[in-house]
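**Student:** For reference, the chains in residue letters:
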Amino acid sequence: MHIEERRPIRLVFATFTALIGTFATAAKPARAAPACTTLGTQPIVFIEAGDTQEPLVKRLGERLVNAASPVRIVYKNKRTCDLALDMITPNAMVNDSIPIKYIPSAAEDPAWTPRSPAPVCDADVGGNVLGLGIGATFLSSCTTLPTPRPVDLTEIKGPVQAYGFIAPLASSQVAITAEEGYFAYGFPGGTGQAIPWLDQGQRYSRGPTASTALTCAAAIGLKASQLKGTVPTGNTSTEILNAVASSVAPEAAIGIMGTEIYDAARDKVKLLAFKSFGQRYAYYPDKSATSFDKQNVRDGHYLPWAPTPYLTRVGGNGKAVDLNVQRIVDLVLGARVDADVSGLDQVIASGLVPECAMGVQRSFDGGPLSLYAPPESCACYYESKVPQGATSCATCSSDGVCGAGKCRRGFCEVQ
Amino acid sequence: MNLTTRKLTRNTVPLTVLFLVGLAATATLAACDTNTSAVKDPIPVVDSGGRINPPTTQDGGPGTSADGAANDCVQNPKTSEEIINGCTNAVKIAKTPVLPLLSPDGGLPPLP
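Quick note, the sequences are listed as chains A and B, same order.
Quick note, the first sequence lines up with residues 1 to 415 if you use the working numbering.
Quick note, the second sequence lines up with residues 1001 to 1112 if you use the working numbering.
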């Protein structure tokens, strides 16, 4: 009896304690991130990049921050059309709902690798000047960008980014045609009758300013704004990956994604071979479902791809006004190799295709292909450096053994 | 020939037969699966020489080979349509889905 009388008192006390705890937690300010500009003494380049470009930003950033002549990359993932607008306006990098991340040096975090989450930092009051914008598709697809562009803003064609349609590992599907994509993503619900992709809740998409949506939509004859899919709350590739991988309806589930993100998640989802309009067969981006060579992107058999535009402000000499930005651009394009930083290697390791390894080109999203011969080919080198890489090209140490070709990076390239 | 050899032979034959029967059953099931037009497994097109793709004899566009058979890839492609159908050693997958809303000429209808 005595005990029973105490129960209500205990309950009230427990409830009160819980409430106090809740209020205390809510009232406690979030731990402030360090200011990006106070992290160290290295010069900083502030970058906004599509989330498909994050693997490259992290890989290159790790090399740069630990280089003999270090540069720190501070970046924010932003959709291509949005970051282009920021570069054109120009808008500074500011604190908002999208976290600002930085690449730590080995001294700051010896355990950090490009596969680790990047730590966050805060912009200065008033924001920080953006040095570089890295989009992931043709900016002509961003139809609401203001024109004309500032005369000092230049767009440099960067490595090629491929995209694709992903399905759960449990799905039996292995390919999708452009027509199927049109009916699946262009019609609401199951009205497109593209079996088995009839459930709009299981068709995952990105918002209309994301390069993934822009390029994938163009490949199936749609505009990004016409995609009838489910956009995850945060509108990120990671969310789509997780949603498709864990779908409870694997046959109906489908999503869109950059292939370099897929390459790092092949144990979670499968990429469907793609058959374009007017094409006789469907192809993977790579020679097979298990290789990483992007052969079909490079020779024109796989269609959903676009170059990545690099946006920066230039001076009268046509070079970036920020020398560190120019260094990053030159490294990525392979125009420069530092003793401790090979940008080309980081591009390849990130699943992108350097322009010098391409055999075809196009001028807008979904546009026709034409043959392309890069002025200084790196196709052999590229093939040797991808995961499971192998090349039939002859090795060399000088032009003499290459006939009409050119010895470059240890291989006889076409030119 | 000793006992061990005979035992191995006796054990191997039933396993081989079982494997062949299983293979035939799988092939039959696959052929009878008409629930969906979607391709269920990669179907690399393999020619009689064991190459993944058939050879072609025509440059710059589809045509016919010496025996009159239609080529399904283009050698030395130049235009966009030729490039995407160019001959390749890559895995290729045949897929011709049934899409009820396609126009009779194969064109796409306007979006609703």
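Simulated from the structure, these hints should not be mistaken for lab results.
Possibly wrong hints are sitting among the right ones.
[Unchecked claim] Listed below are the simulated DSS-like cross-link pairs for lysine-lysine, each with C-alpha atoms no more than 27 Å apart in a straight line:
1. A:228 / B:1078
2. A:268 / B:1078
3. A:228 / A:287
4. A:157 / A:268
5. A:268 / A:385
6. A:157 / A:319
7. A:385 / A:287
8. B:1078 / A:319
9. A:406 / A:385
**Student:** A separate judgement is required for each hint: does it hold in the structure or not?
**Tutor:** Results for each hint:
1. Of the pairs offered as hints, the one joining residue 228 of chain A and residue 1078 of chain B is violated, with about 35 Å between alpha carbons and a cut-off of 27 Å exceeded.
2. In summary, the hint linking residue 268 of chain A to residue 1078 of chain B is not supported, as the alpha carbons are separated by about 38 Å, beyond the 27 Å threshold.
3. With a CA separation close to 31 Å, the supplied pair residue 228 of chain A and residue 287 of chain A exceeds the 27 Å bound.
4. Pair hint residue 157 of chain A plus residue 268 of chain A does not hold up; C-alpha atoms about 31 Å apart against a cutoff of 27 Å.
5. Proximity of residue 268 of chain A to residue 385 of chain A is assessed by CA-CA distance (about 24 Å); at most 27 Å being required, the pair is judged to hold.
6. Our distance criterion of 27 Å between C-alpha atoms is met by residue 157 of chain A and residue 319 of chain A, whose separation comes to about 14 Å.
7. Proximity of residue 385 of chain A to residue 287 of chain A is assessed by CA-CA distance (about 15 Å); at most 27 Å being required, the pair is judged to hold.
8. For the given pair, residue 1078 of chain B sits about 35 Å from residue 319 of chain A by alpha-carbon distance, which is inconsistent with the 27 Å threshold.
9. The hinted pair formed by residue 406 of chain A and residue 385 of chain A meets the criterion: a straight-line CA distance of about 18 Å does not exceed 27 Å.
Of the hints listed earlier, those the structure fails to meet are numbers 1, 2, 3, 4, 8, in rising order.
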